[in-house]
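**Q** All chains, full assembly: derive it from the sequences and hints.
Residue numbers (the numbering used here), protein chains in the order written: chain E, 1 to 363; chain U, 1 to 296; chain C, 1 to 418.
No lab work stands behind these hints: they were computed from the structure.
Just so you know, nobody snuck in bad clues.
Simulated pairs of lysine-lysine, DSSO-like, Cα-Cα distance not exceeding 27 Å:
#, chain 1, residue 1, chain 2, residue 2
1, U, 116, C, 320
2, E, 229, U, 34
3, C, 209, C, 185
Please read all numbers here as calculations on a predicted model, not as lab measurements.
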Amino acid sequence: MSNPKPETQNQKSKMPVTRWDMLLGPRRNIVYVVVCAVALAALLFLPRMSLSGFVLTSLTTALLLAVRAQAWNFIGGYTGYAAFGNVAFYGLGAYGTAILMTKLHWPFLPAMLIGGVVATVYAVIVGLPVLRMRGQYFAIATLGVAEATRELVSSPQLSKLTAGPTGINLPFFRPEGLSGAAAAAVGSRYFYYVAVGLLVFVVLVTWLLTRSKLGYSLVAIREDEDAAKMLGINTTWAKVAAFAMSAFFTGLVGGHYAYWRTFILPEEVFNVRYTLEGILSAVLGGPGTILGPVVGGAIYDAVSTFLTFSKPFGIDLGQFHVTILGLFIVMVIIFLPRGVADFFGRHKFSLGMFLENVRQNRV
Amino acid sequence: MTILLGQSLVNAILLSGMLALVALGFSIVWGVLKIINLAHGAFIMLGAYVTFTLFNLYHVDPFLTIPISMLALFLLGYLIQAYVINWVIRAPLLVTFLLTFGLDIILINLALFVWKGDVRAVGPAYAGTGLTLFRDPLTSQGIQVPYVRLAAFVISLVLAGLLYLFMSYTKLGRAIQATGQDKDAAQLTGVRVAPTYALTFAIGAALAGAAGSLISVMQPFDPNMGGGYRLRAFIIVVLGGLGSIPGVILGSVLFALVDVLVGISPLAPLKDGVAFAMLVLVLIVRPTGIAGKAFY
Amino acid sequence: MKIHLLVLLSLWVVASLIAGCATPPAAAPAAQPTAAPAKPCTITFGAAVSLTGATAKEGEYVKNGYNMFIEDINKEGGFKVGSQKCTLVLKIYDDESNADTSAKLIEKLVTEDKVNLLLGPYGTGPVFSASAIAEKYDVPMVEPGGAGMKIFTRGFKNVWGTLPAAPNYLNSAVDMIMAKDPSAKNVALFIENDSFSQEVADGITAYLKQKGLNLVYSEQYPKGTKDVSSLATAAKAKNPDIVLGASHLADAELVVKQAKDIGLNAKAWAFSVGPSTAEFGTALGKDATYILGVTPWTPAMKFQGQDIYGTPQKFADAFKAKYGYVPSYHSASAVATMIAFQKAIEAAGSIEPKAVREQLNKLDVPTFYGQLKFSPEGIIVKPMGVVQWFDDGNMYTIWPKEVAEKDFIYPAPAWDKR
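**A** Structure, rendered in structure tokens:
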């Protein structure tokens, strides 16, 4: 079945396609690079602003969400294969890191990397059969894979390696010679910077992807897979590659989480919530764009934090937190199905845009 | 050993009827509207709570509450389709997927708000009683056929039969089938698509409500009970083939057999994993399911 | 495309401002609690408890326990710290039964709300998370809701728990059954795929072996499963004398219901979690009769304590007067955590973390909750009591014998003979 897909305005076109492009004129690439650098510097500078540990931790969570969303973007946004089972990679990354650190006493960063590799290998093995399906079948098959992976990892059969349902405790991050608040501050910063590093890594890879042959192949597959095949693109290889990349970064985030939280429980680390947050952030920001998922992640995290902490007009929203998120999802899906990126893609920004979206999609 | 196998066979048959009811509503919506309704589990859950409320507050027998829960879910389903889903029905898969997912979240959390997260059960006096077949005079053990499960099995088959008759022999039913086969052609023959969609979705929801009412007597439940059934519905529809009521029944039987047999084997902790392996296998080997693509 | 970054940046700032709440980001990260409280002195406790979500009910029990104790102790002026009395203040947040949220909130309590000491959440996941943050900032935390041994084998210095360790949960029930009927040897064990339940299962499996009982059937079922009839069928084929469940409330109910359906009979039934709460009886009605549950505390136990309540009955009466229902062990456990702090602070003469830690480790005092004494890992050393459901629809304490309200009914008749 044909899948009409959202326009992606930054697909390597050297011609100005959006009004922002037209506004900035021929120097726009330089402007983009400068803005990028400024943003990155800001991220790196933030911890020095004497922020409380809580704020730093919140930012770290937001960053990790952005990485997860960006990772999903490879398979979901660029390739058009809506994978609903990425939490399997998250969990495998976490378990890989945990096992390496506890049983083989590896240091954190290499363990996290190998955790990502474990997830990638799994993605290739599982992807080969599963990627043969399309659309809805693929989506639910990946959901099934995630459930099955959780069961497998926490089963008695594997419990010698994974400790079954009781989970694994990781070594605690204790900086040399420090204790209490000072140690905590070092810890918070450390995990924050690793998260920033992961984000930069995944955004860079995404950017490189859009300039590569693989990137073109993926977009071709998304637009019309059969035509892509006829053009001689090795669709199987391309899809598996996208799936593997998605798994790698999601696995890295899982590894980070494991060490950061100091423990992993299968019911926590394979919780479908992680997949859904990633997908929602990506869709909210604009799937198939380089920075859409990052923006989406920021918005989603802000809304979520707002719902947890703020008490507008004295009403405690805590109990409606998830309901409101659900409503938020529904609203976004109806009025902004192509994500926030829509604001930057259209020629005319107006409220009519929302109605136009609905008109396009209604029965 | 024979008692073990015999009991397992009985368990599987009884389970399959109930699972068929769970999967039927899901199958129709998928086949005709071409959307995977991720809120299907929530509809089942709401059916269970309707029965729970009526049983606890007004002491209505659970089986008598089935028409009421079906009606309630029918109305809810109609409203949701007409005023929410119809707005995104032509959007790409991911969009409708996420929409029904959002609806699922909203429904579950509203249920959490109204009924709280406590585990509930519907316990009429006759729950747990049943026939004992092949009773061994020495141990007085035999194969148990619980009345509640038997009744659920019969009711599921009756509803499936009614659905089949409705779809094949009534004007509305045929309109629904036509819309599922070719929406534009159906429109040309005078079928109004939007209300037809709403009706189909409503029927799917009503069937889910009935399933929920039956389930409420067989196991304890809370607002999150729907997720597992949703996944099972998907597997059964894929197994049996989208678009065929006999296919759904066949799929349920197959699924129930595997589920029960794995449950008495050492692979029991991996039950769900085996179910999914089955799913993936079918999708690779015979994606149209056992019954193959039939009429809608 | 890069305009996204400007949006991103502004959203980041907005997000961090929102996340930082109404107060501007703290200038000095002095999370170390003050050594001695100034006058007028207050001690601020921080807690993140599940007021919504899956464990909302237990979370509410815990919260009510905390609140009632603080109110009652403040009526007497508060805790004795050295030569003065300091009133208590509680800052409590809802962690939505979510481990990540719990960690976030504990971090907020420590770094922004500047609490002095921490009280724990309810639920294995949140306790794991919250305790890691307590350890990160070196702030003592006593928690009422996590019994998993793995929480305590991490080498942390800042965590204590008032629920007995999971591996020991079912021991008392087994002891009691063996005392009543030494010929009951065959045991079937149903295990929920969950960290707490697995620990219970591992513990009881070892204990059964130690005591010479035969584990004829032992199988794990997926968490949240809808159907255990296959397991019940397989267990039935092995003819067990005793059926044990390492479970939570929902699956305990499920096992009982489906055992009845399948005709799985046993002379004694016991579950780690489920029968010890009132909901079990409400949900199962007559089917709950004869089933055993384990609990660290009931109002019937005859402890004599050196605390504000003194006996379980007095505590239960005060709680019922305030909230309208008889407290469960969750509330008692919650109050026990605060009493542990109270005794430790009094002995230390200050609320300085190092001193409090030392005293908590040395603690050995009788309370309305029983003897408050922690193992070297930080978990309370306390045997579990046993309750049983009777056909009047109520749950009675039947073990330890000294505080038993009624006698243990054994054996449980077959389902079709009830």
